[in-house]
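K.L.:
When you get a sec, could you build the whole thing from the sequences and use the hints?
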Amino acid sequence: MSRRTRRSCAQGQPGVPAGPPKRHRGGGARQASGLSTGTFYRYFPSKAALVAEIVSGRDGTEDGGFPADETPGDLLRRLMSYVTPPGASADHARLIVQIWAEASTSGELAAVAVSRHAALRDHLAGLYARNREGVAGAGEPTAADSTRAEAALAALIGYATLAAVDAPADFAALGRQIETAFA
24 MSRRTRRSCA QGQPGVPAGP PKRHRGGGAR QASGLSTGTF YRYFPSKAAL VAEIVSGRDG
84 TEDGGFPADE TPGDLLRRLM SYVTPPGASA DHARLIVQIW AEASTSGELA AVAVSRHAAL
144 RDHLAGLYAR NREGVAGAGE PTAADSTRAE AALAALIGYA TLAAVDAPAD FAALGRQIET
204 AFA
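What the sequence shown shows, in my numbering, is residues 24 to 206, in sequence order.
Among the clues, some could well be false.
Here are the in silico distance ranges between beta carbons for each label pair [what the hints assert, rightly or not]:
#1 T128 <-> G88: 29 to 35 Å
#2 S138 <-> R65: 19 to 25 Å
#3 A142 <-> P191: 31 to 37 Å
#4 R101 <-> R65: 29 to 35 Å
#5 Y66 <-> D114: 19 to 25 Å
#6 T170 <-> T94: 14 to 20 Å
#7 F194 <-> N154: 23 to 29 Å
#8 A91 <-> G61: 38 to 44 Å
#9 E163 <-> F194: 31 to 37 Å
#10 S69 <-> R155: 39 to 45 Å
Since the hints were made in silico from the structure, they are not lab data. C-beta: ideal position from N, C-alpha, C; glycine also.
P.N.:
Written out as structure tokens, the structure is:
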């Protein structure tokens with residue numbers, strides 16, 4: 024994909040329709056991106072392909088992988104910053120919630136969402152194992168590590184949902200509680 028197309032796609036991200044999921048063919052997202060229909064479908068043959076590109080780098084990865092030296096707290100703070108960075112709108116939170124809602128009705132989109140979620144869960148469980156052992160690469164994650172990681176991600180999805188609907192919540196305090204419970 025060309026640099027211009029990537030930039031258009033990234034700039035168009037806030038234009039992805041917010042609110043309840045609607046059955047559409049991606050026209051709103053395409054129009055917001057500034058791409059022609061032909062270019063759009065050349066790079067994104069399906070909604071799942073579009074979502075995979077949009078969330079690239081906002082699924083906990085950096086430059087295609089997870090940072091080797093991060094802590095669970097680093098990862099949780101980074102994920103929360105995607106949803107409620109200082110001074111930002113709730114557009115990314117709405118996108119996250121909409122992806123999960125649409126994934127419930129689309130097997131192809133569910134496969135993308137669940138795959139990204141599983142990779143993130145496994146990475147976080149590995150960070151918990153590393154912290155427990157005190158050495159990078161030491162010890163395999165236990166079932167308890169995986170359950171803790173799953174609970175942390177469920178809390179983050181709830182956090183994104185509250186941000187998406189502009190709930191009257193103290194997100195700084197809520198973020199500290201999530202970090203305290205799961206870091």
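K.L.:
For every hint, state whether the structure bears it out.
P.N.:
Hint-by-hint comparison with the structure:
The hinted window of 29 to 35 Å between T128 and G88 holds, with their beta carbons roughly 31 Å apart. For S138 and R65, the hinted distance range of 19 to 25 Å is satisfied, since their beta carbons lie about 23 Å from each other. At roughly 33 Å, the beta-carbon separation of A142 and P191 lies within the given 31 to 37 Å, and the hint holds. Between R101 and R65 the C-beta distance comes to about 32 Å, which sits within the given range of 29 to 35 Å.
Against the hinted window of 19 to 25 Å, the Cβ-Cβ separation of Y66 and D114 comes to about 21 Å, which satisfies the hint. A hinted range of 14 to 20 Å for the beta carbons of T170 and T94 is consistent with their spacing of about 19 Å. Checked against the hint of 23 to 29 Å, the pair F194 and N154 passes, with Cβ atoms roughly 25 Å apart. Checking the proposed 38 to 44 Å range against A91 and G61 shows it holds: the Cβ atoms sit about 40 Å from each other.
Look at E163 against F194: about 34 Å separates their beta carbons, and that is inside 31 to 37 Å. Between S69 and R155 the Cβ separation comes to about 40 Å, which falls inside the hinted range of 39 to 45 Å.
Going down the numbered hints, you'll see the structure goes against none, and every one checks out.
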